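Work the whole structure out from these sequences, hints included.
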Amino acid sequence: MPRAVLERGPIRSLTNALLAAVMLFGASAAIAPAAHAAAQGECGWRPTANGEGRATMKWGVNLTDGPYESGCGTWGWVSAGSTVYLHCWTKNAYGNVWWHVRLAGSQLDGWTSDANLQGTSVDENGDGQITFYQC
Numbered sequence: 055m056p057r058a059v060l061e062r063g064p065i066r067s068l069t070n071a072l073l074a075a076v077m078l079f080g081a082s083a084a085i086a087p088a089a090h091a092a093a094q095g096e097c098g099w100r101p102t103a104n105g106e107g108r109a110t111m112k113w114g115v116n117l118t119d120g121p122y123e124s125g126c127g128t129w130g131w132v133s134a135g136s137t138v139y140l141h142c143w144t145k146n147a148y149g150n151v152w153w154h155v156r157l158a159g160s161q162l163d164g165w166t167s168d169a170n171l172q173g174t175s176v177d178e179n180g181d182g183q184i185t186f187y188q189c
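Per the numbering used here: the sequence shown = residues 55 to 189.
Since the hints were made in silico from the structure, they are not lab data.
Incorrect hints may have been included.
As the list claims (entries may be wrong) - Under the rule of at most 16 angstroms between Cα atoms (straight-line distance), these lysine to aspartate or glutamate pairs were calculated in the EDC-like manner:
1) K145 to D119
2) K112 to D168
3) K145 to E178
Note that this is a predicted model, so its numbers are computed, not measured.
Written as structure tokens, this is what we have:
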């Protein structure tokens, strides 16, 4: 077998091992969406849909008045571990899923990224179906 082929084998193995390590340990950083600002007129949106389900906040965040990480105002802080009720979801102009939620035990509602939630499906009205509404 030609020497060049033998030399490429270990290089390819090392490259594959490094790629696997990056995917294993750095995948969340590699695929995490960049901060995206809202376009004019996409904030201040309060949908009327009220679907089923609830979620736990993975970490503390401010709820926003639009489905964007920046460019919209904030309504208030929701602590890590808090329960929120899922009203409806939408995809923003960047393709990121956002939920309109209400903090359990309060009237505080607003938008948060799907990445901030650890959800559960709950048949809250007892009709045998779990319905998530798109806003």
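Going through the hints against the structure:
no.: 1; hint: K145 to D119; in the structure: holds, 15 angstroms
no.: 2; hint: K112 to D168; in the structure: holds, 10 angstroms
no.: 3; hint: K145 to E178; in the structure: violated, 24 angstroms
Of the numbered hints given earlier, the model fails hint 3 alone.
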